[in-house]
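Number of protein chains: 2
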Amino acid sequence: MNRIEAQKAYAKLLIEMGLQLKEGQPLTISAPVEAQDFIPMVVDAAYDAGASIVQVFWRHGKISRATLERAREEDLLDIPDYVLDQEFFYAKKGGASLHFTGDDPELLTGLDPQRLQRYNKARSEKLKPFMEMTMNDEVPWNVAAYPTLDWAKKVFPDAENPVDELWDAILYASRVTEDAVGAWREHLENLDQRAQWLNKEAFSALHYTNSLGTDLTIGLPKGHIWAAASSTLPEGGEFVANIPTEEVFTSPEWNRINGVVYSSMPLIYGGQPIDQFSLTFEDGKVVAAEAKVGNEILQELLNTDDGSRYLGEVALVPYDSPISNLKMLFYNTLFDENAACHLALGKAYPTTIEGGTELEESQLREHGINHSLVHEDFMVGTSDLNIDGIREDGSVVPVFRSGNWAQ
Amino acid sequence: MNRIEAQKAYAKLLIEMGLQLKEGQPLTISAPVEAQDFIPMVVDAAYDAGASIVQVFWRHGKISRATLERAREEDLLDIPDYVLDQEFFYAKKGGASLHFTGDDPELLTGLDPQRLQRYNKARSEKLKPFMEMTMNDEVPWNVAAYPTLDWAKKVFPDAENPVDELWDAILYASRVTEDAVGAWREHLENLDQRAQWLNKEAFSALHYTNSLGTDLTIGLPKGHIWAAASSTLPEGGEFVANIPTEEVFTSPEWNRINGVVYSSMPLIYGGQPIDQFSLTFEDGKVVAAEAKVGNEILQELLNTDDGSRYLGEVALVPYDSPISNLKMLFYNTLFDENAACHLALGKAYPTTIEGGTELEESQLREHGINHSLVHEDFMVGTSDLNIDGIREDGSVVPVFRSGNWAQ
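Heads up: the sequence lines are chains A and B, in that order. So that you can map any letter, position 359 of the first sequence is 362 in our numbering, and since no number is skipped, the others follow by simple counting. So that you can map any letter, position 356 of the second sequence is 359 in our numbering, and since no number is skipped, the others follow by simple counting.
Bear in mind the hints are in silico, worked out from the structure with no lab data behind them. Possibly wrong hints are sitting among the right ones.
For identical chains, the list gives no copy identity; a pair is met inside one copy or between any two copies.
Derived lysine to aspartate or glutamate pairs resembling EDC-like cross-links, with alpha carbons at most 20 Å apart [as the list claims (entries may be wrong)]:
1. Lys129 with Asp88
2. Lys65 with Asp115
3. Lys129 with Glu204
4. Lys65 with Asp40
5. Lys95 with Asp84
6. Lys96 with Asp84
7. Lys131 with Asp309
Computed from a predicted structure; not experimentally measured.
Based on the sequences and whatever the hints tell you, model everything.
Here it is as structure tokens:
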């Protein structure tokens, strides 16, 4: 396949496997303006699949930065209702939602972290009902990627054509081949078997250790469910929320996490890098945190609300995956989290506990799972990571050895 | 000035002279995604002028065409409330509104005209409150242009760099020089003197004749006001709604227009060309209409509602203006209407009659001025156009001779 054919295959994969779009279903797309030549391929794939209407919401990194830097704060924090309404209008018609990441990882470097955090919080509060809808799998959604020039230059600083290089990496990591949909069916089947094994074991806790100094015990709540790439809609259809995805994930028990964990890759939070950090947990709460890069930003993230100091996701990714075999850092969570075991600060997926989507927010923690305005993944996997599963009776089962599945 | 400097001067002109943006005022911009490198200059000019916040709404011509062609009609016509809300949110804070035209003039050629008209009507109905707000000059607004490749190729089919050629034409027509704001002050002064003379004359009617066959008498309502480029806000500030602008305009008396008028340039209506047409009027109403190009589209326009067969604007533009001296067709109303006398089908500006902005819609026609969901300019000026002003007492005063002001 040449690049155009591969881009079309990627577009088709996102519509047919990512969203599994149905005849008569609306679709919203959010994308950077740089993607103006690629998004029409996605729109065509959607109409080919029978989309009833497609609406694209564009964003412009440099203009967003200018506004975050220069707008009057009173107006910056007054998030309009239409930002939520434009998502709900289509979601309430059963619409699918496709989001392209790809902004410059350093887009917001140098801006006032406290002001950014006030903005992020205001926006998250406004969009909370839509975030809950997606985290409950009430509508099909997918996160994919478009390689903007600034992102590509960060990943391939010495390349002559960094965008081409990053396209190749995205297409490879996303398993885009001539029969991409078929290849993905097989991949999902493999991930599903891992999830089934973990669900059968129903461990009480996981114990992480590696040479970075990580020594962390993560309790798992009763009735936790390990999920793989496929999500199930209330009415029974399926979708794949991330492309690529290599993970099997569940929710930790919010107040039963103890020890210390070291990050293994930088995390890009709202256009600002946080790197080389450790978090110390006592009874689930982060009681100490220190980053060599972006420490102030890390502290702002932890201080978002009373749930942002607790974990909301445990995800297992073998060190030996197509993405990590590229041996590159994407500076983008969608890719980097699928190259390494990761955790997330903040809100847990209610779908990862039995009956979770029926619970009110106030009931979630009673059942062991955290809630927050944020959900921020960070990578902890290394080539020497060992994870033990601990059963109710205290017996120990190797889950990961040297960064890969033990069995 | 090199091109970048000229583009920055254009951006500054739109903010400082077009919108006359004030400290603490929000700004919305609508623009094609192709303008991604230029719009940041406008955003910077706005923040430099003290904008409280700038919000850009992007559009993508080819994706709009795909949706107008392929979306399910039920969804296409269900215009979301947020389309209005996103304008109102800022307008209600006193926000200014800047719109960049520049889509491919043939963007929608070949699509079903009736379906397009149903869409245009549904969208106009939803946006009617905002259209009224702008046509009553309640908020500062400006229409400017960005040269997309498809538009540039239509205007300069043989040029090696059509976008550069069209940039030059736009910047020249918009009187962008190193002291563009100063040049515009002088230009506005000249236009204002024309309007003052016409207001003093207070003609009862205008009589148009030329060699195309035009022989049209247009009644003017009692209390009509000739306006020039500058519009006045309710609280007293000013703005310039079009850049470029060469016109002096008022409202005709909706039911006192008789005779025939021939178009002198193509009209691009919603991405579809209408050309070489004539309209025959009896007591204000178009009773016969025929276009050699786009006749079906013309009929759909006339059939929009009961006001779209009546005129809502009479505008006088000398044949000898910077734009018409370029001797080129822009295939874009913003430029072509400022190269020739023009009329508009549909809604009249309530600001062009004494006390007009205080009137309810149902009262407008009693005072002589038309209302409709549409307002569509079309060009009738030629190098041999003569216009006579007819006073109440029947005496005749030459207004235009051979396409230019008679005095």
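Tested hints:
With identical chains, the CA atoms of lysine 129 and aspartate 88 are at most 20 Å apart both within one copy (10 Å) and between copies (15 Å). In the homo-oligomer, the alpha carbons of lysine 65 and aspartate 115 lie at most 20 Å apart inside one protomer (16 Å), although the nearest pairing across protomers, at 38 Å, exceeds that limit. Taking the closest pair of Cα atoms, lysine 129 and glutamate 204 never come within 20 Å of each other, the shortest separation being 39 Å inside a single copy and 57 Å across copies. Within a single copy, lysine 65 and aspartate 40 get their C-alpha atoms as close as 19 Å, and across copies as close as 10 Å, so both meet the 20 Å cut-off.
In this assembly of identical chains, the alpha carbons of lysine 95 and aspartate 84 lie at most 20 Å apart whether taken from the same copy (16 Å) or from different copies (14 Å). Taking the shortest Cα distances, lysine 96 and aspartate 84 sit within 20 Å of each other both inside one copy (18 Å) and across copies (14 Å). With identical chains, the CA atoms of lysine 131 and aspartate 309 are at most 20 Å apart within one copy only, with a shortest distance of 16 Å there and 45 Å across copies.
Comparing the model with each earlier hint shows a violation of hint 3 alone; every other hint is respected.
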